[in-house]
Amino acid sequence: MLTASEIEDGLEDAMRKPDPVIDIDNLSLTFETNDGPVHALSDIDLKIEEGDFVSFIGPSGCGKTTLLRVIADLEQPTAGSITVNGVSPEAARLARAYGYVFQAAALYPWRTIAKNVALPLEIMGLSRDEQNRRIARNMELVNLSGFEKKFPWQLSGGMQQRASIARALAVEPDLLLMDEPFGALDEIVRDHLNEQLLQLWAKTNKTVVFVTHSIPEAVFLSSKIVVLCPRPGRIYDVIESDLPRERTLDIRETPQFLKIAHRVREGLKAGHSYED
Amino acid sequence: MTDTALAAPSRGLNPFAGLMAGTAGPVTVVVLAIFAIWYVAAVALNTPFQMDMYERGDQTDVPFTQLVSDTLAQERPVLPAPHQVAVEIWNTTVEKKITSKRSLIYHSGITLSSTLLGFLIGTGLGILLAIGIVHSRVLDKSLMPWVISSQTIPILAIAPMIIVVLNAIGISGLLPKAMISTYLSFFPVTVGMVKGLRSPEIMHMDLMHTYSATRVQAFWKLRLPYAVPYLFTSMKIGMAASLVGAIVGELPTGAVAGLGARLLAGSYYGQTVQIWSALLMAAFLAGTLVALIGLVERLTLKRMGMAR
Numbered sequence: 001m002l003t004a005s006e007i008e009d010g011l012e013d014a015m016r017k018p019d020p021v022i023d024i025d026n027l028s029l030t031f032e033t034n035d036g037p038v039h040a041l042s043d044i045d046l047k048i049e050e051g052d053f054v055s056f057i058g059p060s061g062c063g064k065t066t067l068l069r070v071i072a073d074l075e076q077p078t079a080g081s082i083t084v085n086g087v088s089p090e091a092a093r094l095a096r097a098y099g100y101v102f103q104a105a106a107l108y109p110w111r112t113i114a115k116n117v118a119l120p121l122e123i124m125g126l127s128r129d130e131q132n133r134r135i136a137r138n139m140e141l142v143n144l145s146g147f148e149k150k151f152p153w154q155l156s157g158g159m160q161q162r163a164s165i166a167r168a169l170a171v172e173p174d175l176l177l178m179d180e181p182f183g184a185l186d187e188i189v190r191d192h193l194n195e196q197l198l199q200l201w202a203k204t205n206k207t208v209v210f211v212t213h214s215i216p217e218a219v220f221l222s223s224k225i226v227v228l229c230p231r232p233g234r235i236y237d238v239i240e241s242d243l244p245r246e247r248t249l250d251i252r253e254t255p256q257f258l259k260i261a262h263r264v265r266e267g268l269k270a271g272h273s274y275e276d
Numbered sequence: 001m002t003d004t005a006l007a008a009p010s011r012g013l014n015p016f017a018g019l020m021a022g023t024a025g026p027v028t029v030v031v032l033a034i035f036a037i038w039y040v041a042a043v044a045l046n047t048p049f050q051m052d053m054y055e056r057g058d059q060t061d062v063p064f065t066q067l068v069s070d071t072l073a074q075e076r077p078v079l080p081a082p083h084q085v086a087v088e089i090w091n092t093t094v095e096k097k098i099t100s101k102r103s104l105i106y107h108s109g110i111t112l113s114s115t116l117l118g119f120l121i122g123t124g125l126g127i128l129l130a131i132g133i134v135h136s137r138v139l140d141k142s143l144m145p146w147v148i149s150s151q152t153i154p155i156l157a158i159a160p161m162i163i164v165v166l167n168a169i170g171i172s173g174l175l176p177k178a179m180i181s182t183y184l185s186f187f188p189v190t191v192g193m194v195k196g197l198r199s200p201e202i203m204h205m206d207l208m209h210t211y212s213a214t215r216v217q218a219f220w221k222l223r224l225p226y227a228v229p230y231l232f233t234s235m236k237i238g239m240a241a242s243l244v245g246a247i248v249g250e251l252p253t254g255a256v257a258g259l260g261a262r263l264l265a266g267s268y269y270g271q272t273v274q275i276w277s278a279l280l281m282a283a284f285l286a287g288t289l290v291a292l293i294g295l296v297e298r299l300t301l302k303r304m305g306m307a308r
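Top to bottom, those sequences are chains A and B.
The first sequence begins at 1 in this note's numbering and counts up by one.
The second sequence begins at 1 in this note's numbering and counts up by one.
The shape of chain A in the complex, shown without the other chains (with noise of 0.2 Å):
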């Protein structure tokens, strides 16, 4: 139940700006095991606006993972609050709110490219031509035309991931919610996607979550870095990049570029996170 005051915040709130995409308030998620409660996340908050790409980086068990399951409602919270599109993470997951993207591809391997792209759309039982036009064109913006009628393992890695891609966004969602997408693929290709990735929030202006454990990878995509601290999982800083929007591999080796990743390099140490 809400409480006056807590109407009162959010009324105040809705008549300064738009809502964020996501709004988390307060959140804690404390896994109970035999050996004795484990926090996996402890008072988070964060506001997320449109149109952001967002990154969520910190050492492995700082619950960055755990706190993107919580938006798609993979995971319930213990305390706090979090609204996604201005309701529960569930209702919009009712609502395919949001396009999830995992760490492996996780094609259906008895089905084709295409097909693979094909089955939200057919859970959401659009049309066939809706869904023709939907493979077609999310399978181009990742370039996979022409590779419809492939099965995923002829397909490499970097290729599949892209496939996975394409399945999101077939959804059509405004949020994309990404965990880890590049993790297992080569540097070489893991920064082609990246271009890809950015040119792609240029194209379709999505509001991106983006799990990874890269300070690269973070500083290149983002326009706000999240950094995250185990034991317990918390939120140590919030980075908003002045990185232009249009941006190309080069800008990795520019001052800006090299001071945002040395302030999240800092905040991971000051986190304790390369300890042990």
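It should be emphasised that the hints constitute simulated quantities derived from the structure, not laboratory data.
One should not assume that every hint holds.
Straight-line C-alpha distance at most 30 Å; calculated DSS-like pairs for lysine-lysine [claimed, not checked]:
{"no.": "1", "chain 1": "A", "residue 1": "150", "chain 2": "B", "residue 2": "96"}
{"no.": "2", "chain 1": "A", "residue 1": "259", "chain 2": "A", "residue 2": "269"}
{"no.": "3", "chain 1": "B", "residue 1": "302", "chain 2": "A", "residue 2": "206"}
{"no.": "4", "chain 1": "A", "residue 1": "149", "chain 2": "B", "residue 2": "96"}
{"no.": "5", "chain 1": "B", "residue 1": "141", "chain 2": "A", "residue 2": "115"}
{"no.": "6", "chain 1": "A", "residue 1": "149", "chain 2": "B", "residue 2": "221"}
{"no.": "7", "chain 1": "B", "residue 1": "302", "chain 2": "A", "residue 2": "150"}
{"no.": "8", "chain 1": "A", "residue 1": "206", "chain 2": "A", "residue 2": "224"}
{"no.": "9", "chain 1": "A", "residue 1": "150", "chain 2": "B", "residue 2": "195"}
{"no.": "10", "chain 1": "B", "residue 1": "221", "chain 2": "A", "residue 2": "115"}
{"no.": "11", "chain 1": "A", "residue 1": "115", "chain 2": "B", "residue 2": "101"}
Chain B: place on chain A using the hints.
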């Protein structure tokens, strides 16, 4: 160094390397070994009776070659020789009309029909049970122990009961025998399908969750395709069990037709050659049926893009 350069000398040293390279070589060796053991065993096991015969006929000093050929040509041997069984099978299949009561094909057909009917019902039942067990915790807890304990009851003991009970309510003919096949074949299918339907990776299930897919959608689009390889494996076991069930169903009921009836009649009259030919026919039937499922499996998986 290349592989060929490494392999060449060993081929030169071992004269059997080429023979044993494919599958034909090893299979031939095993078959020949089985025949050799079979013939030696046939001679050894049939010798006492043959000695009796010689004693009664006051024959002495029978040469060993005579003894061997006599032991392999008895009318009711303890262990018939392979060629005797082969001749019997030839006579009762190719030489007999299919409609004849002495045709092994006729009897195989009877057994086959109840095997297939029982297998179909068993597979269907197994799949339905698995779906229930996977989707309902209550069914999982309440059904699974019964499914497992059902297989601990000796089928030979329960088979006559099933036939008596079904006869009492007016069901006779093919169905009672098929029920025993069903009883044996639903189990591997249930267990295999439960495993298969539960096998999708967590990530794949999460994906369905992010799409807000219903349980029905998740079943058709994820769980069922995932379970297909498991289904085929358990169907192979179920098919073999089904044939055993059909034969067992023919044994205690005084059935007049079917491979089980042939086995029973053979043992009444000491017709060991007839028993062995029925046994081999059953084995051949099972092998063919399982191979057929394997063929369907390969075609299905290829169509699904899951065969590499």
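Evaluated hints:
1. Under the criterion of a C-alpha separation no larger than 30 Å, the hint pairing residue 150 of chain A with residue 96 of chain B is inconsistent with the structure, at around 53 Å.
2. Using a Cα cut-off of 30 Å, the hinted pair residue 259 of chain A and residue 269 of chain A holds, with the two alpha carbons roughly 15 Å apart.
3. For the suggested pair residue 302 of chain B and residue 206 of chain A, the alpha carbons sit about 39 Å apart, so the restraint of at most 30 Å is broken.
4. Using a Cα cut-off of 30 Å, the hinted pair residue 149 of chain A and residue 96 of chain B is violated, with the two alpha carbons roughly 53 Å apart.
5. A distance of roughly 37 Å separates the Cα atoms of residue 141 of chain B and residue 115 of chain A; the hinted pair therefore is violated under the 30 Å criterion.
6. Between residue 149 of chain A and residue 221 of chain B the alpha-carbon distance is near 18 Å, which keeps this suggested pair within the 30 Å criterion.
7. With a C-alpha separation of about 13 Å, the suggested pairing of residue 302 of chain B with residue 150 of chain A holds against the 30 Å cut-off.
8. The straight-line distance between the Cα atoms of residue 206 of chain A and residue 224 of chain A is roughly 14 Å, inside the 30 Å bound, and the hint therefore holds.
9. For the hint pairing residue 150 of chain A with residue 195 of chain B, the CA-to-CA distance comes to about 29 Å; that is within 30 Å, so the pair holds.
10. Our distance criterion of 30 Å between C-alpha atoms is met by residue 221 of chain B and residue 115 of chain A, whose separation comes to about 11 Å.
11. Of the supplied pair hints, the one linking residue 115 of chain A and residue 101 of chain B is violated, its CA atoms being roughly 55 Å apart against a limit of 30 Å.
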